[in-house]
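J.: Next come the chains, spelled out residue by residue.
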Amino acid sequence: MSQSPAQTDDGWSEPVYSLIKEAGISLVTTVPDAGLTRLLNMCSGDEDVRVVTLSTEEEGVGMAYGAWLGGTRSLLCLQSSGTGNIINGLALPAFSQSPCLMLVTMRGQEGEGNPAQFPMGRAVRQVFEAMGVTCLEAKTKEDVATLFGQAIDMAFDNGKAVAVLIAQQVIGVKSFSK
Amino acid sequence: MMVGDMEMLKRRDVLARVLEERNDALVVSSLGTSTYDLFAVSPADENAYLWGAMGLSVPTGLGLALAQPERRVLVVAGDGDMMMGIGSLSVVSAQAPKNLGILVMDNEMFEETGSQSGLSAVRADIAQIALGSGFEKTMTVRNDNEVSRLTGFLLKEDGPVLAVAKIAPSTDAPVFPSMDGPGLVRTFRSSVLDQM
Numbered sequence: 001m002s003q004s005p006a007q008t009d010d011g012w013s014e015p016v017y018s019l020i021k022e023a024g025i026s027l028v029t030t031v032p033d034a035g036l037t038r039l040l041n042m043c044s045g046d047e048d049v050r051v052v053t054l055s056t057e058e059e060g061v062g063m064a065y066g067a068w069l070g071g072t073r074s075l076l077c078l079q080s081s082g083t084g085n086i087i088n089g090l091a092l093p094a095f096s097q098s099p100c101l102m103l104v105t106m107r108g109q110e111g112e113g114n115p116a117q118f119p120m121g122r123a124v125r126q127v128f129e130a131m132g133v134t135c136l137e138a139k140t141k142e143d144v145a146t147l148f149g150q151a152i153d154m155a156f157d158n159g160k161a162v163a164v165l166i167a168q169q170v171i172g173v174k175s176f177s178k
Numbered sequence: 001m002m003v004g005d006m007e008m009l010k011r012r013d014v015l016a017r018v019l020e021e022r023n024d025a026l027v028v029s030s031l032g033t034s035t036y037d038l039f040a041v042s043p044a045d046e047n048a049y050l051w052g053a054m055g056l057s058v059p060t061g062l063g064l065a066l067a068q069p070e071r072r073v074l075v076v077a078g079d080g081d082m083m084m085g086i087g088s089l090s091v092v093s094a095q096a097p098k099n100l101g102i103l104v105m106d107n108e109m110f111e112e113t114g115s116q117s118g119l120s121a122v123r124a125d126i127a128q129i130a131l132g133s134g135f136e137k138t139m140t141v142r143n144d145n146e147v148s149r150l151t152g153f154l155l156k157e158d159g160p161v162l163a164v165a166k167i168a169p170s171t172d173a174p175v176f177p178s179m180d181g182p183g184l185v186r187t188f189r190s191s192v193l194d195q196m
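Line by line, the protein sequences are chains F and S.
Just so it is clear: in the first sequence, position 106 is 106 by my numbering, and no numbers are missing.
Just so it is clear: in the second sequence, position 116 is 116 by my numbering, and no numbers are missing.
Please keep in mind that the hints were generated in silico from the structure rather than gathered at the bench.
Please note that a few of the clues may not be correct.
Unchecked claim - Okay, the calculated beta carbon distance ranges per label pair:
| id | chain 1 | residue 1 | chain 2 | residue 2 | range |
| --- | --- | --- | --- | --- | --- |
| 1 | F | Gln97 | S | Ala94 | 53 to 63 Å |
| 2 | S | Glu21 | F | Glu14 | 41 to 51 Å |
| 3 | F | Asn114 | S | Gly152 | 22 to 32 Å |
| 4 | F | Ala130 | S | Asp125 | 32 to 42 Å |
Unchecked claim - Calculated cross-link-like contacts (lysine to aspartate or glutamate; reagent style DMTMM-like; alpha-carbon spacing at most 25 Å):
| id | chain 1 | residue 1 | chain 2 | residue 2 |
| --- | --- | --- | --- | --- |
| 5 | F | Lys21 | S | Asp125 |
| 6 | S | Lys98 | F | Asp48 |
| 7 | F | Lys21 | F | Asp153 |
| 8 | F | Lys160 | S | Glu20 |
Beta carbons are placed, not taken as given, at the ideal position from N, Cα and C, and that holds for glycine.
Take these sequences, add in the hints, and give me the full structure.
T.: Following this line, the structure appears as structure tokens:
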């Protein structure tokens, strides 16, 4: 595995975590991905942030809606393949103009070693946009926090579904060589 | 409708009895008949009627229960909605919210789309699945006497709890709450958050 180990600085998780705290996000739901490890560990170590492991990413959309009804701000963290699992659930934020903030680590882009990741990886933006989700794509480490800060404002101030897509080149490529 | 010599439970009667002593409970209803029933028997600003997103009533209730730990949260889910979101029972048991009750209205069919047979009509037992998902308290009710235990179980017992009510197909005309999504959210949030 050549992905960034959780213990070393990946260049974006810390500023994103700071933004989570500043925005008062206290619920993080996830089906995890290797690229999210450092951020999720930071959130798990924070007693004011509840990290909830899901059985499918779609549950995170329902939880975001319920949490918002109860006055809590949340974030759904997922791998790009999970985008396909949440399509009908996105009717909730679209129908109600409620916040749905998502952080997506991309697979199926340049350097991908698993051909089964290509179809969903290629379709993420189209699928999201077809369901009314605004996509902000971070192509460098520095982009991630900048775009995540914008996404927070769009979601919670304007009641939007917003996804920050972190390009595979930022995360690193998973090796399948034996 | 009869099964053997026993009258089958009427779904609105069951829900009305559960919510008779609703107090300040927040209620989430899954799409379709559960939403019409909730609006018919206990209309309130603090009802979250889901008009879509099949399978997400329990996750919505979980998000709400975690956000409002001092309030009781009840999810009213159809059996089809529950089966579609069946994995969410494991998510609930892992989080173990004491304030969450789930009532599955199980007519063993997809009544809204033409009464096609559902999976709980064949072999699936939703209360057993909940136990296997880590719930410690479940019950299944089939008759009037058992219904009298439902309110206390769903609204007072330490959660998470899940009850399955085996009910007859609906004989009531559907009644529709507002379909104004942003309006429903505004109403719900101002009612709940202004009291904090």
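J.: Indicate, hint by hint, whether the structure satisfies it.
T.: Structure-based check of each hint:
1. Distance hint for Gln97(F) and Ala94(S): a CB-CB separation of about 30 Å, inconsistent with the stated range 53 to 63 Å.
2. At roughly 49 Å, the beta carbons of Glu21(S) and Glu14(F) sit within the given window of 41 to 51 Å.
3. Separated by about 52 Å at the C-beta atoms, Asn114(F) and Gly152(S) break the suggested range of 22 to 32 Å.
4. Distance hint check for Ala130(F) and Asp125(S): the Cβ-Cβ separation is about 38 Å, which falls inside the suggested range of 32 to 42 Å.
5. For the hint linking Lys21(F) to Asp125(S), the alpha-carbon distance of about 42 Å lies beyond 25 Å, and the restraint is violated.
6. About 19 Å separates the Cα atoms of Lys98(S) and Asp48(F), which keeps this hinted pair within 25 Å; it holds.
7. Distance hint between Lys21(F) and Asp153(F) is fulfilled; the C-alpha atoms sit about 14 Å from each other, no more than 25 Å.
8. A threshold of 25 Å between alpha carbons decides the hint, and for Lys160(F) with Glu20(S) the separation of about 37 Å lies outside it, so the pair is violated.
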